[in-house]
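K.L.:
Sequences listed follow chains C and G, in order. Adding 1 to a residue's 1-based position in the first sequence gives its number in our numbering. Adding 1 to a residue's 1-based position in the second sequence gives its number in our numbering.
One should not assume that every hint holds.
Only pairs whose alpha carbons sit at most 27 Å apart, straight line, appear in this in silico DSSO-like list of lysine-lysine [said to hold, decoys possible]:
no., chain 1, residue 1, chain 2, residue 2
1, C, K99, C, K4
2, C, K70, C, K99
3, C, K99, G, K79
4, C, K70, C, K4
5, G, K69, C, K99
6, G, K79, G, K69
7, C, K53, C, K70
8, G, K25, C, K99
9, C, K99, C, K53
It should be emphasised that the hints constitute simulated quantities derived from the structure, not laboratory data.
This is what each chain is made of:
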Amino acid sequence: DAKTTQPTSMDCAEGRAANLPCNHSTISGNEYVYWYRQIHSQGPQYIIHGLKNNETNEMASLIITEDRKSSTLILPHATLRDTAVYYCIVSHTGTASKLTFGTGTRLQVTL
Amino acid sequence: DAGVIQSPRHEVTEMGQEVTLRCKPISGHNSLFWYRQTMMRGLELLIYFNNNVPIDDSGMPEDRFSAKMPNASFSTLKIQPSEPRDSAVYFCASSVGQHGNIQYFGAGTRLSVL
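Use the sequences and the hints to build the structure in full.
P.N.:
Listed below in structure tokens is the structure:
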């Protein structure tokens, strides 16, 4: 699976949009981009995934560049409960396969 | 649904003892994963099962670790004998069918080996 690069940490004011970038320049044509987050002392939580089109669900939006070499996870109105480590993972979809969690981005939402 | 259920939530044991961690996946899910998380190494996949069959155990650190899935609703991860370096949080996750990479994680078992 392709390697991803994320900033180590980011801050965001509560109520503002949080934009978390991810680089995956070696992504192959049939690999998807997955985002998970891990709130302190909890298990990771799936957020969203996409192939090449932008995706939106009740938690977040995922913007993937046209060349698919990078993506951005957007939390439209961040709250204190969104403080967590966010992981960007590239993997094939379909039946279960290995997800490789890197070091992620630690997002701190502040008042 | 109650989600993925792991037990115990916390385990403290002495070096050399056998440790068994348990996991009940979400009903209807056919893939199950065991992960280990430490500060030094982050979140690592140890092993995963598909339809109760181990598919990839390349992440299992050594022979002291073993995992079983006797049926679709139960899995164990056993460490025998345990060592202090096994201290970590162990997570179990499950997923279903063509959405295998949408994994649902349990709350984890925090293991301390003294």
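K.L.:
Look at each hint and say if it fits the structure.
P.N.:
Right, here's what the structure says about each hint:
1. C/K99 <-> C/K4: Judged against 27 Å, a Cα distance of about 13 Å means the pair holds.
2. C/K70 <-> C/K99: 21 Å, holds
3. C/K99 <-> G/K79: 21 Å, holds
4. C/K70 <-> C/K4: 11 Å, holds
5. G/K69 <-> C/K99: 18 Å, holds
6. G/K79 <-> G/K69: Roughly 8 Å separates the two Cα atoms, so the pair holds.
7. C/K53 <-> C/K70: Distance of about 10 Å is within 27 Å: holds.
8. G/K25 <-> C/K99: Given that 27 Å is the threshold and the Cα spacing comes to 20 Å, the pair holds.
9. C/K99 <-> C/K53: 21 Å, holds
The structure fails none of the hints (numbered hints given earlier).
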